[in-house]
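Given these sequences and hints, build the entire structure.
Protein chains in written order, with full-length UniProt numbering: chain A, 1 to 176; chain B, 1 to 208.
Worth flagging that the hints you see were computed from the coordinates, not collected in a lab. Fair warning: there could be bad hints in the mix.
[Claimed, not checked] Stretch-level coverage of chain B by chain A, calculated; a stretch enters the list once three of its residues show a Cβ under 8 Å from a Cβ in chain A:
hint, region
1, 90-101
2, 106-118
[What the hints assert, rightly or not] Each computed DSS-like pair below joins lysine-lysine, with the alpha-carbon atoms no more than 27 Å apart:
hint, chain 1, residue 1, chain 2, residue 2
3, B, K134, A, K160
4, A, K72, B, K176
5, A, K176, A, K72
6, B, K170, A, K103
7, B, K194, A, K72
8, B, K194, B, K116
9, A, K72, B, K116
10, A, K72, A, K103
[Claimed, not checked] Just so you have them, the derived chain B footprint on chain A, three or more residues with Cβ under 8 Å:
hint, region
11, 69-75
12, 121-133
13, 137-150
We put the beta carbon where it would ideally sit given N, CA and C, even for glycine.
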Amino acid sequence: MFKTFKIALFLSIIFIAFTSCKEEKKKNNEIEFSTWTEERIPIMDYDEFKPMIQVSGDKKLHVFNFWATWCKPCVEELPYFEELNQKYDEVEVTLVSLDFPNKLSSQVVPFANKHQLVSNIVLLDDTRSHFWIPDVDENWSGAIPATLMFSKNEKVFFEKAFTFEELEQEIVKQLK
Amino acid sequence: MKTFSNFKKIATIGIIAIALFSFLKPSTLDAYQIGDKVENFKLQNIDGKFVALSDYNNYKGVIVIFTCNTCPYAVAYEDRIVALHEKYQSQGFPVVAINPNDPEAQPGDSMIEMQKRAEEKAFTFPYLVDEGQKVYPKFGATKTPHVFLLNNEKGDFILKYIGAIDDNYKDAAQVKEPFLENAIQALQEGREIKVTETKAIGCTIKTK
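What follows is the structure, given as structure tokens:
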């Protein structure tokens with residue numbers, strides 16, 4: 001009788017330990033949504049933005065998606081970036097809005113809240129596009145959506161809209 | 001035999017180069033480059049009539065602008081496009097606007113919407129529909145707005161400038177480099193165009 005109790009206790013401890021561990025892991029992985037405000041979305045010119053896209057040597061895969069709330073194909077692919085940002089711990093997604101800065105409170109913030117975005121968001125406001133577009137990538141014509149990915153090993157750039165499968169494939173490839 | 005193996009070597013290198021290049025730039029490989037002759041095109045205008053590039057044989061050149069109703073960057077340039085046409089038509093360089101978007105993918109760019117927009121903004125230049133989306137790929141246009149300046153050289157339209165109208169999409173008053181006007185002026189004065197290609201943010205051309 002006492003032996004059965006001991007086994008049951010042992011099993012339940014294992015069970016509790018296992019489930020709590022699992023829960024904790026999930027918490028670590030998932031970024032929780034918190035309400036967006038204007039203050040949380042910095043407006044940057046390219047000089048301020050450029051250090052963010054410099055290869056830093058950390059272990060993360062940095063993904064920068066250039067988009068705007070008015071850009072239909074951008075808005076369509078945005079959920080894929082969000083989902084993969086949650087799925088892969090080593091991936092850090094930053095959404096670079098090219099909306100006009102006077103639309104920050106009327107368009108960008110409401111959009112981010114409506115879609116409960118959890119990735120980083122910055123608004124790039126620099127009219128010297130002839131200078132900074134080729135600085136981001138020499139093959140970029142300036143059309144959006146466009147995506148820059150880099151890890152400490154490699155930098156890749158895409159001027160296109162992704163499907164979920166394409167994006168995951170590319171991320172997995174870059175993570176290797 | 002030796003020439004043949006040399007030929008094979010060159011052919012292999014050529015094929016590799018083409019494969020590599022097409023991989024890097026799939027959409028613009030065959031597109032016109034600066035200095036290329038632009039083929040004639042004939043597209044329907046919003047008034048129902050057809051406009052061809054060859055209709056402009058008596059002009060010094062043509063400012064071809066791929067633009068649309070629905071892109072905020074294109075909209076930001078509308079007044080400037082109207083002003084460009086007013087200023088340069090009389091000097092021999094009229095504007096021809098082409099909407100490259102597929103209205104099925106972007107309903108705001110249907111013929112009716114184009115007519116409305118042209119009336120609201122009092123467009124005095126043709127606003128053509130790229131029916132079947134066959135013209136924009138030849139130019140290598142990737143976005144709206146996207147400008148191509150053509151110079152009429154003895155009946156051949158030669159591509160002289162590709163890119164943005166100027167260096168400030170937000171505010172015409174803050175423009176420091178009017179790239180397109182600089183290029184037109186250089187052509188008029190017989191000078192070399194200093195900046196022949198520029199980059200600007202724009203909206204992807206909508207296809208189904």
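Hint check results:
no.	hint	verdict
1	90-101	violated (count 0)
2	106-118	violated (count 1)
3	K134(B) <-> K160(A)	holds, 20 Å
4	K72(A) <-> K176(B)	violated, 31 Å
5	K176(A) <-> K72(A)	violated, 31 Å
6	K170(B) <-> K103(A)	holds, 12 Å
7	K194(B) <-> K72(A)	violated, 35 Å
8	K194(B) <-> K116(B)	violated, 38 Å
9	K72(A) <-> K116(B)	holds, 22 Å
10	K72(A) <-> K103(A)	holds, 16 Å
11	69-75	holds (count 4)
12	121-133	holds (count 5)
13	137-150	holds (count 7)
Hints 1, 2, 4, 5, 7, 8 from the earlier list are contradicted by this structure; the remaining hints agree with it.
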